[in-house]
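Enquirer: Okay, here's what each chain looks like letter by letter:
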Amino acid sequence: MSILIEQLLNAVALAALLFLVSVGLSLVFGILGVVNFAHGVFYMLGAYLTFTTVALSGNFWLSLIVAPPVVGIIGALLESSTLRFIYRRPPIYQLLLTFGLALMLEEAVRLVYGPTAKPVDPPPMLQGSVALAGIAYPRYRLFLVVLGCTVGVAVWLFLSRTRAGLVIRAVAQNSEMADCLGADVARVRTLVFGAACALAGLGGVAAAPMTTAYLGMGIGVIVDAFVVVVIGGLGSIGGSMAGSLIVGAAQTWGAFYLPETAMVIMYAVMGAILVFRPWGLFGEEE
Amino acid sequence: MIPSRLWALVALVALAIVPWVLARHQLSLLTDLLIAGLFAMSLDLIMGYTGMVSFGHAAYFGLGAYASALVLLHFAQPVPVALLAGALLAGAVAVPVGWFSTRATGIYFAMLTLAFAQFLYTVAYKWRDLTGGSDGIAGVPKTPLFWGGPSLASPHAFYFLVATCVVLSLFVCRAVVRSPFGRALQAIRENERRFTSLGRDPRPFKLVVFVIAAVFAGLAGALFAPFRGFASPEVMFWVFSGQGLMMVVMGGIGTLVGPILGAMLFILIQEVLSSYTEHWMIFTGLVFVLMVIFLPGGVVGTARRLGARG
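Protein sequences appear in the order of chains E and P. According to this note's numbering, the first sequence is numbered sequentially starting from 1. According to this note's numbering, the second sequence is numbered sequentially starting from 287.
Derived by calculation from the structure, the hints in this document are not laboratory data. It is possible that some hints are incorrect.
Said to hold, decoys possible - Going by beta-carbon spacing under 10 Å, a handful of chain P positions derived as facing chain E:
hint : residue
1    : Arg389
2    : Val525
3    : Leu592
Just so you know, even glycine gets a beta-carbon here, dropped at the ideal spot from N, CA and C.
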């Protein structure tokens, strides 16, 4: 029984991390109509910036404040210098463009940080474990769950309850109409793209103490995030959350019971869902 | 405007003469270019003619490479048998993957193909007994064309095998896209909804072209294994799938010949840059990003546009 609870908690912690990454991917698709292949690289950038911040200041909490905005600004600059010009093209060109950006960023990170992985220690407060329902549970994973839930609620409240969120939803529904009604669509897109990159960066910060910062972590996470949004449906926060939980559960239980074939379980779940709902659990039918 | 038949003749003559002019390592590079070109051309079938962007095409190249390597190493069959095995395995695996992936369209299709490819990559990586894991399979021999037949061990002989395969594949693919089936694919690309409302189901068409593309990618992989003498998980990695997309876009999407030229351009840029810096990917990425923004038709598309204007 305690093993079951422990696995469940591990699955939720992994899901929280996946959610931080996939929610931005999903929002950019829902609002800009772009699948951002570079999203995983921004996650990686967040992890590397955490390494730098901790190395310079010795304070993990500082990186939580510093890294996401830096990643967001880089994302916003890239959007306004490249992606902005090709929104009218078929969506494939935007995917390819972000793929090119991903290659450049990945290589730039290799240039700056070199090929070896960079370890990051969790802050003292989050080291060790707490007793929870009769089991010792790592504090850091608990922190991930809290962070994931907080971000999920914050994004949802922002989009549904604020005026800025209203404008963003208007652009998502009909960007030309929103433009006619006086919304600065180009600016909204840049800000949303930057914010989504910042969320990916935040995911990277949160992941760094668990996984270290390493090259290739971006592609690993983007494939998982793709599976999450395919299961949950693109453009929906609830879908990202449900998809993250499903993928987190499939990976955790898969790794526990069938270590050699954990990947197979994730894809089997995805395949099963696609047969019945090709547009995902929460997505809208095309 | 030079007629395209003349271009084809010039290209064929050039392919026949060039190996006698080039140095040994240049010939080897050219063989590499042609194999990559075949891979990119097969991707263009689904990407350019049907509008389905696969982000996992390298998986079929890799399957072809592994099948070919295993046949050559363990059964010591002539090279054409290995080529057949590679193409068939790639096509066979593409049937279930295509069946699932073509349920989705557009971006979902791209993500699904990527996910399946990463899955196949993981299988190749973990199935040590069969694939050698991360080491891959080394020492793949270049067996003769048939038993008692001409040897393929010399660079020239293997070059001509590859060139023949690429030219024949190009003709077959051209015939496919010009057939009624190919016209249907282009109709799906232009307007899938209208295609459906005319009473046709697009999914069987998409599945068939997906499998055809996988067969040619498998053939390219099956040539790659004996040419390089190895097969390893890297050839199945997503990076190679993405490079295939870059080759198609750089050369000209939906032109078949363009992707072959795009592959040449891509590898030549890489060859030149990598002698100056190990971080050549930054510049290749930059060239690609600029081409996506300013030259969406690629080399061939832009040349045709200029030709039509002048």
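Enquirer: State for each hint whether it applies.
Expert: Now the hints, each set against the structure:
The closest approach between the C-beta of Arg389(P) and any C-beta of chain E is roughly 5 Å, which is under the 10 Å cut-off, so the hint is satisfied. This hint holds: Val525(P) has a C-beta 8 Å from the nearest C-beta of chain E, less than the 10 Å allowed. Annotation: Leu592(P) was flagged as interfacial toward chain E, and the flag is violated, the nearest CB pair being 20 Å apart, outside 10 Å.
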